[in-house]
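If you're matching them up, the sequences are chains A and B in order.
Going by UniProt numbering, the residue at position 160 of the first sequence is 160; the numbering climbs one at a time, nothing skipped.
Going by UniProt numbering, the residue at position 99 of the second sequence is 99; the numbering climbs one at a time, nothing skipped.
Calculated from the structure, these hints are not laboratory results.
It is possible that part of the hints are untrue.
What the hints assert, rightly or not - Partial list, computed: chain B residues near chain A (C-beta under 8 Å): (1) Gln96; (2) Ala100; (3) Gly237.
As the list claims (entries may be wrong) - Just so you have them, the derived chain B footprint on chain A, three or more residues with Cβ under 8 Å: (4) 60 to 72; (5) 99 to 108; (6) 213 to 220; (7) 296 to 302; (8) 430 to 441.
We put the beta carbon where it would ideally sit given N, CA and C, even for glycine.
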Amino acid sequence: MAERGDPTGRTATYCVIGAGSSGLAAVKNLRQYGFDVECLERAEDVGGNWNFGGPTSRVYASTHVISSKPFTQYPDFPMPDRWPDYPHHSQLHAYFRRYAEHFDLLRHIRFGHEVVDLRPVDGAAAWQVTVRTADGVEETRHYAGVVIANGHNWQPKWPRYDGEFAGELLHSMHYKGPDVLRGKRVLVVGGGNTGCDVAVEAAQHADRALHSTRRGYWYVPKFTFGRASDQVNDLLIGLRVPRRLRQWLFRATLRATVGDLTRFGLPEPDHDILETHPIVNSLLVYHLGHGDITPKPDVRRFDGYRVTFADGSEDEVDMVLCCTGYLATVDFLADPQRLNWDGDRFHLYQHVFTPRHDNLFVAGLIQPDSGQFTIAHWQTVAIAEFLRARERAPHAVREFLETARRKLDHRYTAGVDYADTTRHYYEIAHHDYVRGLERTINRLRRAACTR
Amino acid sequence: MHKVRAYRPLEWALPPRPVEREVISRLPDTETGRPPLLFVHGMRHAAACFDEHWLRHAAERGFPAHAVSLRGHGGSGGRDLLRRATLRDYVHDVIQTAVALPRQPVLIGHSMGGLVVAMALARYPALGGVLVAPVAVDHGLGSALALGRHGPLALLRGLAGRTVPLRPEWLFAQLDGDTATRHMAGLGDESPLAQYQMILHGPPGRPLGGAPVLVVGAGEDRLVPAGDVRRTARYYGTEPVFHRGFGHDLMLETRWREPLDQILSWVAELPQVTR
Ligand SMILES: Cc1cc2nc3c(=O)[nH]c(=O)nc-3n(C[C@H](O)[C@H](O)[C@H](O)COP(=O)(O)OP(=O)(O)OC[C@H]3O[C@@H](n4cnc5c(N)ncnc54)[C@H](O)[C@@H]3O)c2cc1C
Ligand SMILES: NC(=O)c1ccc[n+]([C@@H]2O[C@H](COP(=O)([O-])OP(=O)(O)OC[C@H]3O[C@@H](n4cnc5c(N)ncnc54)[C@H](OP(=O)(O)O)[C@@H]3O)[C@@H](O)[C@H]2O)c1
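Next up, chain A with everything else stripped away, as it sits in the complex (with noise of 0.2 Å):
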């Protein structure tokens, strides 16, 4: 068992908060580096987003996932054969499971443990949680440092509109499936993923579906010659095919296979593909075919159940589905500085490090234009080269540091100009960002061998 936080800061175990995908990497990669770790996870099971139906669980009855197996699970613990390239999100959460128990991680992971206070003790040497536990109990521990792994993919981001509106209004954070939509009218506004499956099954399932959208998006279907679409992306970015020549190859693919989607009443796209987090939606555009979706610009106003949009038309709903995202937040540390937030977002290196302190990590705050697990082990495993580094030079951890503060603003986005939105702030180039965390690792892995 790892040892509970020793109120006096002189402890030597880690703590994790979230137990979710990144937080289980986190509590395997510091275990198999030697480290004590304790998990802080406020619901009752592992999973996080994919544990449906839990606390901070954003996924839908039908969701798969959107990048296929290879770029999702970790590398160290491949998804079974059996699973489709795109599994449901029921094999995702079995997937965590597994993980936690094959590696044997629950006996490290407090459930039920909601961390509500996060501030640094003895000059940063260590730092103080306060976790409630489900009965409502307060309780402070102090650890040798902090992982922070609760996700950015919950906290609902509304947009603002005048005016009233008289029906039902929702985030996509309250939608778990189509039964709410049955007989009803439906605006959905948002062309992220959760936008355009949440059109998809509104054409589906509601007497009527309309899905705004304030600007034009590239929908990439999820297979494409015959492999999953972002197997093809990898195989030119492994033959290293430049970025200019893969995103005319893409639109060229899409022009001969999906179409001028401005036929159906779609904008044009004001940016060149990859320069939006990407869509992988293939029903999208069968249902506008079909006349299903009647496809809207962004909305200026409501009346009652009457709704105007930008271009001045008008039409009435019963239902308004804001699928407008998520922004991160991390409302439980007290001094949100330590992690260079700007009053907007996070200023970290590589997403990870703050150059304030080190003993404080970030897992898991990255939108890449792939999977997620893999990215995540390679956070945790470069997290936990970094301590091990610490203990055996701490010079080249100050040097590193010093790195980090100079690059606190790279991003990798492999020379991408991504849309200014604030579902970019930590949106990145899969290659490039796991090329960077490659380097992080086995510099701090040198400095630990030559000391």
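Once you've looked at the hints, dock chain B with the ligands against the given chain A.
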């Protein structure tokens, strides 16, 4: 220092083809708390070679014992695509089987399976690894030369992309003719690509999580020279253990119990958690 390679776009883009795998399991009657063992066979063999003696005996000693047939071998699928199978596919088969077990197993590979296990250890944090008469971790030229000495035609056939023919006296030192003949009849085909890779491959990365490695050699091995076994052991910073009077297929020899007991004692001493 061994560099970590996280960036693998071509591996992500071209995942191994899924197959159904034959896994033979022999479990102790009661839960003993001992770690699972996963046995991986060598060239042309299959899981069944461990079911002859080793699996049952390991289970009797309290170890949940499993053996997997690599794709295109024994009762596993993928026979139609065997000619395209590579060692990477075999490593995939081993790791897929390992992660399906309730706990991290000790991987035990024989011959080509030893090399496959050495590669798997670098990609999956097993509790430990045992390499039994393994094809050497750096290259298999020694085995190719040994084969060329005993049977130049066999080597030539292999180099020509055909399954390498084997003779009972290259595999066994203790068996009577009938038993040896029965085992020889059970051998299957081998992938030509895997055969080439066995000769020319680089050393795999270090075992993840610092998993300990035991290297076991056979005293009368006609296929893997003693020097190769020592080189493999040196790579892992250990001393090999040789079993005198044994041919290459230690698990099928009459005195099969000796090497297995030695392996099981080593496993029993392992720290129970990876740290
Ligand atoms: C609908 C949807 C679909 C997605 N599809 C994909 C996909 O196809 N592929 C992909 O790779 N990614 C996908 N994602 C991204 C998703 O965010 C990641 O897959 C992954 O879930 C992130 O894991 P995490 O551990 O960082 O965060 P989470 O899964 O959110 O886990 C965070 C954990 O921290 C706990 N926690 C939070 N605050 C506290 C606190 N104060 N105290 C204690 N515990 C706390 C939570 O209870 C939770 O268990 C999707 C996201 C959504 C919303
Ligand atoms: N596996 C799956 O099937 C699946 C399903 C759903 C989600 N996901 C993942 O989950 C994460 C979150 O996705 P998400 O779709 O919920 O959110 P998201 O990617 O942030 O998308 C939000 C959408 O709403 C729009 N929007 C934001 N604010 C708006 C406003 N004020 N007014 C009008 N429109 C506004 C955005 O437009 P802009 O383009 O202008 O930003 C964007 O189209 C992503 O990583 C996504 O890939 C995966």
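Now for the hints, and whether the structure bears them out:
no. : hint       : result
1   : Gln96      : holds (6 Å)
2   : Ala100     : holds (7 Å)
3   : Gly237     : violated (15 Å)
4   : 60 to 72   : holds (count 3)
5   : 99 to 108  : holds (count 4)
6   : 213 to 220 : violated (count 0)
7   : 296 to 302 : violated (count 0)
8   : 430 to 441 : holds (count 6)
Comparing the model with each numbered hint stated earlier shows that hints 3, 6 and 7 do not hold.
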